[in-house]
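Undergrad: Work out the full structure, taking the sequences as your base and the hints as a guide.
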Amino acid sequence: MLTPLLDSLIFFALTTPAAGFVGRKIGHEKTAVAAYVTSALIILLLFTGLYGSGFLRTEVTLAAYGGPSTPEGVSVETDMLTAFMTMLFLGIGVLTSVFSVQEIGRDNVTGYYTVLLGMITAMVGVVSSGDLFTLFIFWEAMCICSYTLVAFKKGKWEAIEASYKYLIMSSAGSITILFGLSFLYGLTGTLNITYLTLSLANAQTNPVTYIALLTLMVGFGLQAGMFPFHTWLPDAHMAAPSAVSAVLSGIMVKTGVYGLIRVLLTVFTPFYGSWQFSLALFAVLTMFVGNFSALLQDDLKRLLAYSTIANTGYILLGVAIGTHRALAGSLFHVFNHAIVKAMLFMCAGIFIKSARTRSLKDLAGIRRSMPVTGTIFIIGALSMTGLPFLNIFWGELMIIQAGWEANLGLLSLLMVINLVFSAAYCLRMIQAVGLKRQTSVSKKAKEAPLLTLTPIVVLVVLSVVVGICPAPFQTLVEAVAQVLPSV
Amino acid sequence: MIVPHAALLATILPAAVGLVVYILQRYIKEKAGWICTITAASSVALILSMAKPVLDRYNNGDKPIVYIYPWIKPININFGFLVDVLSLPVSLIIAVVSTLSCLYSIKYMEKEQNQPSYYANLLIFMTGMVGVTFSINLVQFYLFWELMLIPSYLLISQWGTSRRRLTIGFKYFIFTHMGALLMLLGILSIFSYTMTFDLTELPLKAGAIPSNMAPVIFTLLLLGFFVKMAAFPLHTWLPDAHSEAPTPISAMLSGVMLKCGAYGIARILLTVFGARMIQASDYLLVLAIITMVYGGLMAMAQTDIKRLLAYSSISQMGYIIFGFATVSTLGIMGSLLHIINHAICKALLFMCAGSIIHQTGKRNIRSMSGLITKMPVTGLACLIGIFSLAGAPPLNAFWSEWMIFSGGLAAGKVAFAFIGVASTMITAGYLLWFAWRVFFGPVPKSLKNVKESPPLLLVSIIVLASASIILGVWPGIFLEFITPAAEVLSELAGGS
Numbered sequence: 001m002l003t004p005l006l007d008s009l010i011f012f013a014l015t016t017p018a019a020g021f022v023g024r025k026i027g028h029e030k031t032a033v034a035a036y037v038t039s040a041l042i043i044l045l046l047f048t049g050l051y052g053s054g055f056l057r058t059e060v061t062l063a064a065y066g067g068p069s070t071p072e073g074v075s076v077e078t079d080m081l082t083a084f085m086t087m088l089f090l091g092i093g094v095l096t097s098v099f100s101v102q103e104i105g106r107d108n109v110t111g112y113y114t115v116l117l118g119m120i121t122a123m124v125g126v127v128s129s130g131d132l133f134t135l136f137i138f139w140e141a142m143c144i145c146s147y148t149l150v151a152f153k154k155g156k157w158e159a160i161e162a163s164y165k166y167l168i169m170s171s172a173g174s175i176t177i178l179f180g181l182s183f184l185y186g187l188t189g190t191l192n193i194t195y196l197t198l199s200l201a202n203a204q205t206n207p208v209t210y211i212a213l214l215t216l217m218v219g220f221g222l223q224a225g226m227f228p229f230h231t232w233l234p235d236a237h238m239a240a241p242s243a244v245s246a247v248l249s250g251i252m253v254k255t256g257v258y259g260l261i262r263v264l265l266t267v268f269t270p271f272y273g274s275w276q277f278s279l280a281l282f283a284v285l286t287m288f289v290g291n292f293s294a295l296l297q298d299d300l301k302r303l304l305a306y307s308t309i310a311n312t313g314y315i316l317l318g319v320a321i322g323t324h325r326a327l328a329g330s331l332f333h334v335f336n337h338a339i340v341k342a343m344l345f346m347c348a349g350i351f352i353k354s355a356r357t358r359s360l361k362d363l364a365g366i367r368r369s370m371p372v373t374g375t376i377f378i379i380g381a382l383s384m385t386g387l388p389f390l391n392i393f394w395g396e397l398m399i400i401q402a403g404w405e406a407n408l409g410l411l412s413l414l415m416v417i418n419l420v421f422s423a424a425y426c427l428r429m430i431q432a433v434g435l436k437r438q439t440s441v442s443k444k445a446k447e448a449p450l451l452t453l454t455p456i457v458v459l460v461v462l463s464v465v466v467g468i469c470p471a472p473f474q475t476l477v478e479a480v481a482q483v484l485p486s487v
Numbered sequence: 001m002i003v004p005h006a007a008l009l010a011t012i013l014p015a016a017v018g019l020v021v022y023i024l025q026r027y028i029k030e031k032a033g034w035i036c037t038i039t040a041a042s043s044v045a046l047i048l049s050m051a052k053p054v055l056d057r058y059n060n061g062d063k064p065i066v067y068i069y070p071w072i073k074p075i076n077i078n079f080g081f082l083v084d085v086l087s088l089p090v091s092l093i094i095a096v097v098s099t100l101s102c103l104y105s106i107k108y109m110e111k112e113q114n115q116p117s118y119y120a121n122l123l124i125f126m127t128g129m130v131g132v133t134f135s136i137n138l139v140q141f142y143l144f145w146e147l148m149l150i151p152s153y154l155l156i157s158q159w160g161t162s163r164r165r166l167t168i169g170f171k172y173f174i175f176t177h178m179g180a181l182l183m184l185l186g187i188l189s190i191f192s193y194t195m196t197f198d199l200t201e202l203p204l205k206a207g208a209i210p211s212n213m214a215p216v217i218f219t220l221l222l223l224g225f226f227v228k229m230a231a232f233p234l235h236t237w238l239p240d241a242h243s244e245a246p247t248p249i250s251a252m253l254s255g256v257m258l259k260c261g262a263y264g265i266a267r268i269l270l271t272v273f274g275a276r277m278i279q280a281s282d283y284l285l286v287l288a289i290i291t292m293v294y295g296g297l298m299a300m301a302q303t304d305i306k307r308l309l310a311y312s313s314i315s316q317m318g319y320i321i322f323g324f325a326t327v328s329t330l331g332i333m334g335s336l337l338h339i340i341n342h343a344i345c346k347a348l349l350f351m352c353a354g355s356i357i358h359q360t361g362k363r364n365i366r367s368m369s370g371l372i373t374k375m376p377v378t379g380l381a382c383l384i385g386i387f388s389l390a391g392a393p394p395l396n397a398f399w400s401e402w403m404i405f406s407g408g409l410a411a412g413k414v415a416f417a418f419i420g421v422a423s424t425m426i427t428a429g430y431l432l433w434f435a436w437r438v439f440f441g442p443v444p445k446s447l448k449n450v451k452e453s454p455p456l457l458l459v460s461i462i463v464l465a466s467a468s469i470i471l472g473v474w475p476g477i478f479l480e481f482i483t484p485a486a487e488v489l490s491e492l493a494g495g496s
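One line per chain: the protein sequences are G and C, in this order. Each residue of the first sequence is one higher than the one before, counting from 1 in our numbering. Each residue of the second sequence is one higher than the one before, counting from 1 in our numbering.
Each hint should be verified, as a subset may be incorrect.
[As the list claims (entries may be wrong)] Derived, one-sided and incomplete: chain C residues facing chain G with beta-carbon distance under 7 Å:
1) F170
2) H177
3) S189
[What the hints assert, rightly or not] Result set (PhoX-like, lysine-lysine): computed pairs, CA atoms no more than 25 Å apart in a straight line:
4) G:K353 - G:K30
5) C:K171 - G:K361
6) C:K111 - C:K31
7) C:K111 - G:K443
8) C:K111 - G:K436
9) G:K165 - G:K153
Derived from the structure by calculation, the hints contain no laboratory data. Predicted model, so just to flag it, every value in this text is computed and none were measured. Cβ atoms here follow ideal geometry from the backbone N, Cα and C, with glycine treated the same way.
TA: In structure tokens:
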């Protein structure tokens, strides 16, 4: 038995084909499957909400399922971080599932929704794992689902190529993780996170520990889009259907971040001195590469993908700084970036579906033909710029602040320089979508139906609400950050 | 009698109405201008209603009016408003100029597209500026500071006058955003030493900032303010942005937005970093003089009427920096008063330029001549503005310029004060030459049929011109606030 949540997720994922079968019989396959998956996710999201608030009330930090955990056994354990990430995954999952109804075609709807739900299940599994072996199994399941989703438009060479590239790189990353895990197991005889922490803290310094540390960093960093392992990300995000890009950029990349946080800040806390510099270096390079590359793009989705890389850099910088406030800032940024990036990708998807082009040049002035989507896209881009009264600002503020407090003012300065670059490409998007003269392509575009607009409206409202009153969310991430040991 | 939550209302009301106007634009259409003017005017009224209590409190030795609304508990930030002798006059002039610009736009922008959204942006812009002056903590200060940026950017790049408007808007945005982020870095580092963002507590806790970090933080903040004020090496965005924006917005940008930077220097640098200010005094004076001279010389070389005024603004910012840099009571008083006076004069001049552009359709000074016979009201008002800025008594800017340079003498910076006074010759030079070329001489054939602007356009101009005269004759109206403010500031800064 896993956690009740995970059990139900697996159950729903496995029964989705049945819902599709019934739907096909009554002639409404898409409606049936979409409704099934969406309602399942909504119910579980509400359930997780209660579950998470229970944690807040009782301050339980760790709950084990399937009996007490042993060094040898595998286990599923949940804490505040799990609840936080799960809520984020399910929340974005619900909205994507609603959004997908229009986004994907008629073919293979059941397959799409099954894999989508499977991927969300696997991600929840990753964050619920109490030991690294279980984590790895869910990790692989997640990766396989995402390859499939990237290649969903299987008629296009672009999608197949991107998926193949992603498959190769991500498998290499997974193998690196496995390699690191085998070292850790060899050193300590356990993969249970709690026991691992204890035995590593007591163990003599062994050079193999550092190899394990490096391999895990690379493996998880690859999924997070960390430079120089980021090259799969723009291709995959560009080629995937926009709903899938929203999931990939919004939440799947964050499992890589989660892996890094869990491994570096729990298991390898005693080795803080040895990974801090390299992680900070990776983080700074990641932001610079992401922002510079984003400046050069004309393809809207590719631009957004590079912006995701840059934002991974900010998050990793917070982890590298390592104090409670920095970690809370990183988690807050994870939350905010998921909201905004999912929103931007969904808006991009609406533009692309209506105008049939991804080029910013051709999309010029599309706000005039699609006022709602255009305005929401602009608000999203402004939030991405880090402007106040919108959510992303607060996470960035916390990270920069933490840098100063930890006497790492240089890192804060580098991040601020990067924010200027990110403002530059966000402004390019705003100019293109909102201010430039319309092209013949963008004139023909039509506003999307209400159902498709619902998720982006929800996200934009959330973005503004968090921007105007960040206090409750800040309390939440501070509480989550308390779960993890800091340095 | 103070209206409850007066500061909150005065700040938020314009933005709230702006949003409503934007959302309901289909139903509002042409009425947007009037609705927004009335909103802005009520904000002025709210600020005015606080004037008397603020003075009374100061004279009785009470604390200034403070409104606190709990906001972000985890990092101890309140949403608050600090209304004292320093913030009140600055916010008042911001609100007044915004209101007049709004009124002026009704006629000036009547043929433009998307009017409701124009007015919505204008009001949000106003909220940003008023919010900056009333902010009680530095995070809120930054928030409003950035809130100014978005609408002003949109106003420039959406309603700009030439084809280059997107490029110019981009430049404006990036420059200002970069400055703002550096300022944010400074603000956050202040917090990491003093553990407070509160402007009323910071002067007392300034000692907690280690002496090796203080110059760094001081520089970061100064860079932020200087970008906004367009001080010499950071000025390049200004002539483009100010000449590109539609004229009422130019009046707001040049008239009051630049003053937010000056206000920042007074509010933060003089109170928290007084000692650094005195240390940096000589460098800042040099910079101020370079800014004055450079802006003046560049203004002389311009043939575009709005570009000339934009460069003139750079030069005038040099005056304000000069006054603050002396760190003497008289100099600070002069600078604070010049914030008010320059706002009035420059808004007046931009509106006169707008009136000329509106009636003749030309912007090039070379193609103008003898306009005073055709447009007597505009011409006369414009001359008042010109003489005032050139420092002719009894017009308003005479008083502040005089104080600024006496402040230099009071602080013992005799050489700087002399160079400063000498450079006002340049100011007088380009302004008078400008007046000569535009208003006097024979009327060319192409301008034979020019008529005076419609009354609606002239209302704002007349109001500002009379304000210039009134404040010239009775400078005491604002000095009643500014003198105590300058005394407090120079005492905190430890200057002479």
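Undergrad: Are the hints correct? Go through all of them and say.
TA: Here is what the structure says about each hint:
1. F170: Nearest chain G Cβ about 6 Å off; hint holds.
2. H177: Holds. Min distance 5 Å.
3. S189: Hint on S189 of chain C: holds, closest Cβ of chain G at ~5 Å, below 7 Å.
4. G:K353 - G:K30: holds, 18 Å
5. C:K171 - G:K361: This hinted pair holds, its Cα atoms lying about 20 Å apart.
6. C:K111 - C:K31: Cα-Cα ~14 Å, so holds.
7. C:K111 - G:K443: With a Cα-Cα distance of about 24 Å, the restraint between K111 of chain C and K443 of chain G holds, given a limit of 25 Å.
8. C:K111 - G:K436: Satisfied, since the Cα-Cα distance of roughly 20 Å is no more than 25 Å.
9. G:K165 - G:K153: Status holds; Cα separation ~15 Å.
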